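Visitor: If you're matching them up, the sequences are chains A and B in order. Mapping of the first sequence onto the working numbering: position 102 corresponds to residue 130, and the numbering continues sequentially without gaps. Mapping of the second sequence onto the working numbering: position 77 corresponds to residue 494, and the numbering continues sequentially without gaps.
The hints are simulated quantities; they were obtained by calculation from the structure and are not laboratory data. Keep in mind the model is a prediction, meaning the values are calculated, not measured. Beta carbons: idealized from backbone N, C-alpha and C, even for Gly. Worth double-checking, as some hints may not be accurate.
Claimed, not checked - Not everything, but these chain B residues come out facing chain A in the computed CB check (under 8 Å):
1. Gly480
2. Pro803
3. Arg832
4. Asp862
5. Arg865
6. Arg866
As the list claims (entries may be wrong) - Non-contacting residues of chain A with respect to chain B, defined by C-beta distances greater than 12 Å in every case (computed):
7. Asp31
8. Arg69
9. Ala239
10. Pro272
11. Val281
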Amino acid sequence: MKDALGEVQSVLVLGGTSDIALATARKVVARRGARVVLAARKPEACDAAAAELRAAGASEVDAVAFDGTDFASHESFVNTIFDRFGDFDLVLVSFGVLGDQDRAEQDPAAALEIVQTNFTGTVSVTVPLAARLRAQGHGTLVLLSSVAGERVRRSNFVYGASKAGIDGYYQGLAASLAASGVHVLIVRPGFVHTKMTKEMKAAPLSVSADAVADAIVRGIARGRDIVWVPPAMRYVMAGLRHLPTAVFRRLPV
Amino acid sequence: MVDPEVVAQELLSGWGRTSATLATVHRPNDLEHIVARVAAPGPRGLVARGLGRSYGDAAQNAGGDVLSCGNLDAVLAIDMEKGTVTVESGVSLDSLLRVLLPLGWFPMVIPGTSYVTVGGAIASDIHGKFRHGSFADYVEQMRVVTPAHGASTFDPDADAEPFWATSGGMGLTGVITDARLKLQPVETSRIVCDTERTHDVDDCMQRMLDGDHDYRYSVAWIDCLARGGHLGRAVLSRGNHAVLDDLPAAERSSAREYAPRTLLGAPPWLPNGLINIASVRAFNEMWFRKAPRTPHRRVEGIKPFFFPLDGVRDWNRVYGSRGFVQYQFVVPFGAEQVVRTALERFSAARIPTFVAVLKRFEHDSRSLIGFPISGWTLALDIPTSPSLAVLLDALDELVVEAGGRVYLTKDARLRPELLGAMYPHLDEWRAARAALDPTNALRSDMDRRLDLSGAGRRTA
Ligand SMILES: Cc1cc2nc3c(=O)[nH]c(=O)nc-3n(C[C@H](O)[C@H](O)[C@H](O)COP(=O)(O)OP(=O)(O)OC[C@H]3O[C@@H](n4cnc5c(N)ncnc54)[C@H](O)[C@@H]3O)c2cc1C
Ligand SMILES: NC(=O)c1ccc[n+]([C@@H]2O[C@H](COP(=O)([O-])OP(=O)(O)OC[C@H]3O[C@@H](n4cnc5c(N)ncnc54)[C@H](OP(=O)(O)O)[C@@H]3O)[C@@H](O)[C@H]2O)c1
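Extracted from the complex, chain A is given alone in its bound form (with noise of 0.2 Å):
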């Protein structure tokens, strides 16, 4: 159970490779010895993450094999993993793909790789997931969602599109689990560095997945719908949100 002050004591990571979601587990690990289960493409790509959060303090942790794509296997590995390891206090949902912008203005199979796995493999993952936490009557369920979603960019609009759906999505589904016990996070950092980024040129206001980190545990402890990271991104996005057309399509974004 969550306590309190927003300690944890179970972690289920759905993409249990991804840097962000692995600061976030590390530290919310540290002063409860919590349980994590990482989901992840190739479980056997978990050991080290593994190892670093048994050092950082988690009592225990397990790999299991997800495919955000699989949608066909989202149900029964939902359920699986509830049966098999009870319930859970903490559900961070972080797998997604940044894709190239390029490749998938040309490549229908490109642009749908994005799409399926930051929108409808979420969606279809997220429908068992919410289901499981409504009936256990507590939990924080977690999103990696991005400002990219908040106003779709010329430069990267498919993964932008995809974010502003989950986004989206997530929205509804936090008010439809209001009164539910269960507590929704959308978590909409800028430019973080990780291996998702690591070739790209850092934009402003960038940060580390160790800020995001801090982020969604203050989020937790005082039960926020929504963190910007850095919180100046609010007012960035709120800025570029609200500017015109014709304005917005100038800018080199």
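Position chain B with the ligands against the provided structure of chain A, taking the given hints into account.
Guide: This is chain B with the ligands only, laid out in the frame that chain A set:
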């Protein structure tokens, strides 16, 4: 025909308003309902709930069933000769006092609020300003519906194991349906109360040690924001039941009257941050100044003496939506330094906390996981903040080292690993509990969090 019990999905939290979870709440009207529920638990089990005055997650059960006992509100029998009352478990101490005082009887132990049920008082084996026993010491018999045996009657001596596992057992052995309580005779519904200010915490403790024996009830209210030379300055308030002769002639005809009214309600919505260092400092200053500079005697009502906070309904809302925790520990005599260190750390961290309560126990609870042991107990309310975890975890260590413990009914954040060290009879309690509930039908969020029952279902 039996009335259908009322069932609803409800978000439940404790008095601290943290960690709310959803449960199916049943309001049983009689024993039959309870027996039926306990015999056929749902997949996530069930737990009883009284008035929800425990601070943390003891009386909630996420995704499962909660039996809210408020409809079990009958006073069944009063024995004017032996001085006992038999009540259903949902009777509140408030209603009990309204019935008993005019008849000249008073419970042996009452806590700092009258809005607790007899079931909750037994399940937490609560204590009050009376130092020589806790609530269950004056329970002569109770009926409990357990998964193993259905409705059973437990006697404190003949059925010592199930009795003392149920008292203080946080609802995890069964559902208490009624109990017979031993009472004390009183001549009036007033208290002769002596109030004095103390310079600092050492002065306060010394005065308690020197003078408590003259009083049936004793408590010190400590200003946690005072620093340096004033660390732990306090208002000491001690009293005895007033006899008729203590009252002015005009009041003697209504000597045992007890009909207090609930005054104001805190507004349902209050902003976070209302409780801050400045507002709390001002309040504490006022509290301290209000007390007379020189020792002072007066005759007071039961309510201002025992339940000073009951005048404001829902006062817990002033802490805003983030809620608060209460930290209460006890350490044996000789470990006064832990009390001092705790006060120093709270003062240094500038945590906005209203007056803390310092009391002495001169008895050990007989409940297997009961709270009181001979020593000093300190309790204070603290608004939640993430940094609090570090501070309280560190204090827990000092408490354990000193042979003390934190109070489960107030807890919402303890590290489960410390339970065994704090409660040396934990294993005995677990064995007794398992005999009463072999299928683990009884579950609460507190049990999930602390694995109190040792059934290893922190997670389910
Ligand atoms: C302002 C204030 C002052 C307080 N002062 C004191 C004090 O001075 N001393 C002290 O000891 N405590 C004190 N308390 C704590 C309070 O006395 C206990 O938490 C008490 O258990 C609350 O009773 P309740 O009826 O509200 O029970 P709840 O909070 O609803 O439940 C508490 C526990 O009792 C169990 N329980 C409730 N009813 C039953 C039943 N019928 N059968 C089996 N189990 C049951 C629940 O499962 C849960 O584990 C104070 C609380 C407040 C808010
Ligand atoms: N980094 C940023 O700047 C940034 C900014 C805002 C939002 N975000 C979002 O934050 C989340 C985490 O990103 P990150 O920065 O931590 O990047 P990351 O380290 O690359 O993590 C993303 C993870 O998703 C996993 N994944 C991809 N496709 C998957 C699939 N089909 N099934 C299962 N897992 C899959 C990857 O696992 P494998 O490849 O190992 O299988 C990868 O570990 C993502 O949703 C991302 O969009 C990131």
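Visitor: Can you verify the interface hint for B:Arg866: is its Cβ closer than 8 Å to any Cβ in chain A?
Guide: holds (4 Å)
Visitor: Mind verifying the non-interface call on A:Asp31? Its CB should be farther than 12 Å from each CB in chain B.
Guide: violated (4 Å)
Visitor: Hey, does the B:Gly480 contact hint survive, CB to chain A under 8 Å?
Guide: holds (3 Å)
Visitor: Say whether it holds or is violated: A:Pro272 keeps its Cβ farther than 12 Å from all Cβ of chain B.
Guide: holds (36 Å)
Visitor: Does B:Pro803 hold up as a contact with chain A if the rule is Cβ-Cβ below 8 Å?
Guide: Holds, because the Cβ-Cβ distance from B:Pro803 to chain A comes to roughly 5 Å (cut-off 8 Å).
Visitor: Given B:Asp862 as an interface hint, is its Cβ closer than 8 Å to any Cβ of chain A?
Guide: holds (5 Å)
Visitor: How about B:Arg832: closest beta carbon in chain A under 8 Å, or not?
Guide: It holds, given that the least Cβ distance between B:Arg832 and chain A is near 7 Å, below 8 Å.
Visitor: Double-check B:Arg865 for me: the hint is only fine if its C-beta lies closer than 8 Å to a C-beta in chain A.
Guide: holds (5 Å)
Visitor: Per the stated criterion, does the least C-beta distance between A:Val281 and chain B lie above 12 Å, as a non-interface residue requires?
Guide: holds (34 Å)
Visitor: Non-interface claim for A:Ala239: all C-beta distances to chain B beyond 12 Å?
Guide: holds (15 Å)
Visitor: Check the non-interface label on A:Arg69: least C-beta distance to chain B beyond 12 Å or not.
Guide: holds (25 Å)
Hint compliance for this structure: hint 7 is the single one not met.
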